[in-house]
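Got chain A sorted already, so can you dock chain B onto it with the hints?
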Amino acid sequence: MRPVPEVTAPHYRKAPPGLLADEFFLAGIDDMTGEQRLEPQALAVGLAAALIGELLLTRHMVIEDGKLRVADVAVPDALQERVRLWVRKDHSVVLAKDWLLVLVGRDITTLVRHRMLAAGKVVRTTRKRLLRKPLELYVPPSLSTAAAAGVRIAGTLNVPRALSTSDLLLAGLLRATGRDREVLSHCGPEVHDELDRQLRENLCPSAVQLVDTTTEVLVTAAVTPLF
Amino acid sequence: MSTTAAQTLAGQRVSTAGVVFFTASAATPLTVCAAIVTTGLAATGKLGLPLAFVIIAAVLAVFSVGYVAMARQVPNAGAFYTYVSLGLGRPAGVGASWVALLAYNALQIGLYGAIGPTMADLLRDWFAVDVPWWVIAIVAWAVVAFLGLRRIKHSARVLLVLLAAEVALVLLYSVANLANPADGGPTLDGLALGDLLGSALGPLLGLAVLGFVGFEQSAVFSEQASPSSVRRATIICIGGLCALYAISSWSTIQAAGPDTVVADAQSSPTAVLFALAEQNLGSWAAGAGRVLLVTSVLAALISFHATCARYTFALGRDHVLPAAFGRTAPRTGQPGPASISQSALALVVIIAFAIGGWDPVTKLFFIGGTAGALGVLLLLSATAFATVRYLREHEVENSFLRKLAPPVAAIAVTAILVLVVANYALLLGVPEDSPLRWGIPIAFALVALGGVVYGIVLRRNRPQVYDTIGKSQARTPVNAR
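Protein sequences, first through last, are from chains A and B. Using this note's numbering, the first residue of the first sequence is number 1, and each one after it goes up by one. Using this note's numbering, the first residue of the second sequence is number 228, and each one after it goes up by one.
What the hints contain is simulated information worked out from the structure, not anything from laboratory work. Note that the structure is predicted; figures quoted are calculated from it, not measured. Hints should not be assumed to be uniformly reliable.
To spell it out: a stretch of chain B is covered by chain A in this simulated footprint if at least three of its residues, at any positions, have a beta carbon under 8 angstroms from a beta carbon of chain A; those stretches are [stated by the list, open to error]:
no.: 1; segment: 444-452
no.: 2; segment: 545-557
no.: 3; segment: 560-572
Note that the Cβ used here is the ideal one computed from N, Cα and C, for glycine as well.
Extracted from the complex, chain B is given alone in its bound form:
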């Protein structure tokens, strides 16, 4: 045998590029630039989003120092959940897992509210057929549910092509936007500190976090890729996404005109970017962008579906949820029951929205997305504190950066969380007395509390289950307690 075992092993590992592509496509750059940026402008009425992206990227870069260091020592599938249970105790871990389930489900199901209307518009323009948004959502749902049960090889190639096309298109839009600025030429509007401060600070930072959701997926590969490539991939992702988002959102503001962009966005949130592209580059650019937006949302749906299934699976293995969820299907090797249950939940919500006749973009997509962002912020904050505690006890490498970064990240993320909750009505785009304004934060608090209480109940009633939480889930065959 000419190759050594180590070489054979290395040949099976995922490369840095692989981790970057998967992680970045989980963040779906085009969806963020086309939908989140403009709906954010519409809801908050402030221009500070480009600067908010830069600030959040800096905070996440600091956060990732501790996060990746921990991923190295504890490679595990249910990343946030495991880290919190190891760092802050198992009851907190169960709480985190429940929050994660709720947050990722909200994000995933919310995306069905984006894909339906976007695709419906396309079909109307191209074929002059009126298809209700929920029919498209259910077709997308069927695709996601089917792929969730399969082990698809070559998905990397598809993701790579789509991601490259998205990034190229967003950059092209940005260049065209900057070449054709509104009256008065390019200004610093959007990047100035004054645009960010004030009551909109929290919501803008919250939206920026929503743009980066997905970067945490890199830790999933800590077992399958070499540690240094996970670290590199995380930094490349955060840096690259930051540059892309900041340039794109700033150039959009410049092209639409700082004075009029908010009104434009409020009249038709998802159309601003494409209207500018049509005006600057021609209708082909807008058409390409709208097609890619659909595929981008579809990729995000698939990716978040996998995340939800993975969390359910990890919890099933630990017996925090019924053990059936912790099974893989022998024929596919995928977590089948976990995937099916997530699909079922999504279908129920789509059907409920279809029957209720609620608006999919503002009610399902934006509220699902912002609720998910709040949940992810909560998880980031808990994880940041968990890494501080865990690394203090277990860290082998004692560099200055490693010591300083986790506490700084913990404080910064928590501060952002407080700001977001304080101005949550503005982020949601609802009046201050809307039931959603406190309903969503309270729901997350109750779910987290419920998880903690359940963890304590487990400690009393089923100590053998409690002992394995977050510790040995990958090792223990399910049922063999």
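Chain A extracted, bound-state conformation:
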């Protein structure tokens, strides 16, 4: 019998905490098919909120009484800096709700996709479909990456342990877009209750307003006929 070659465990590195918008984009992806499960408008509003969320988490922005205020300190990330400068230099719009819509209007989805492509977090693929245009997909190299944030959030809530600030905000945005039902679909009601409790108690005031604003924008979109 030949000696079995020694199997070495793959070298796992602890991934650095992802950017909120990237995580949100990945959490919207179906980890079986690679398709984006969020409707384009919900995805765009969610990504806009997540990008503002990134700046909230690093305290470059705050939301006070629904108004978005920004600090005059540069951010290393190019996309974050671009958004920061937009808000910094343009005073024609002040409400966080309106800024979300402005970011949606400036095609935030494409901007975030470009950032993820540049960082190698997603690759662009197309999938042929019967009698239809090929489907354009932006998928992570390993589809399990798409499920990672959901698994992490569900696991932490299940213990229950407090979510990190960035994960809690991500969970809040997933709830605002309705995506939490899929991501947490295998969890019992106690997990949802725990998320409710943490969203109520642990989220900082700016982030609470961000989640509320996102919900408001999406609900308004849901009930207004498209024109």
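Just chain B, lined up with the frame of chain A:
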């Protein structure tokens, strides 16, 4: 970036024209002219409808002053419901929401009774096939149920084309009618005060309100369009619809002859307008009108379906109905559970009518429509009082018109409501001792009362739910109490 954020934002807003088209197509002008006017003539036997349209338009214009001012301060999806809870207290708001659900469902489901027979007639004339009305109703139902779950872009273009065609056709009919009046030439019959007064006053005004139902949809856009465009759109809609309805109904009376029009209408209510068109313009005009009538009813079905779903959704968010209704589907962004439940209810009613073998036009369409009109009148009245109270406390602009208009509207709408209830049998076209005569008004009263009681129960048992009613529904993520 060459454009400012404000410009980017403005580019996403709905324009005045967009609000007008949506609102006017929710009122479905051709359905009103072809079906409601003539069934109204048949049921009441009076000619005063053209004048009734003018009076109702005036009342609604006064009403819209306060309504739009409130929409500006409280942009919200469940318009009537939110306004009533803010103006008259939350229990009244819950009552209003239940009435709204019942009224819009009655209107929507009633329309299935119109689309079935109209389309069946067309198929019989064109292809000589006999299709039962309920088969067509179920096909229409499937279309509405499917579209209700989707987010359809470009629907504006379709609506615009259909609406323009409807309006053009109604105007063409009117011109042809006036060019070929019955013996004796055009008279003032229909516009004279004498035609309106008497026991038919209430029913005629009620029917005229039914014609304008849908104008209140403009407030839905208060968040997505600029405030001034909502105001402009509301006024344009009321004025335009008023002119169209009054001219069309008056010219119909002139062409058919004031003495014979009632008998004509009673023999075949939905055919009068098209029979006149065939006689004056040729069969192509009648054919085009009948096709457009089908599409017009379909557009109304879709629009009222959206309204029902929106109310259910708003109530679900406030936890007045189960929270599941307050969810949107992530894949479409539409209020999915609310839409599905409305579709299910409509299907049950269609199947019940198909099995029971009841007449779809007189039983489903006309009774559904008149019951809905009563409910909408009730809501208009409650909303008018709510705007009076709310604006007195919160109004920033203190012009004379703003102060005077809401109370005048409240009194006028309530007076119409009383007149309608007093002569409801005539409006329904049933004898005075029919169970429907009091059954429908009492049903609405009980539903309103039930809602108020439920609101009070909520205050006692679930104060945290009670606190959010009508206040922060757009802001609170569902389940996060």
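Here is what the structure says about each hint:
no.	hint	in the structure
1	444-452	holds (count 4)
2	545-557	holds (count 4)
3	560-572	holds (count 3)
When the structure is compared with the earlier hints, no violation turns up for any of them.
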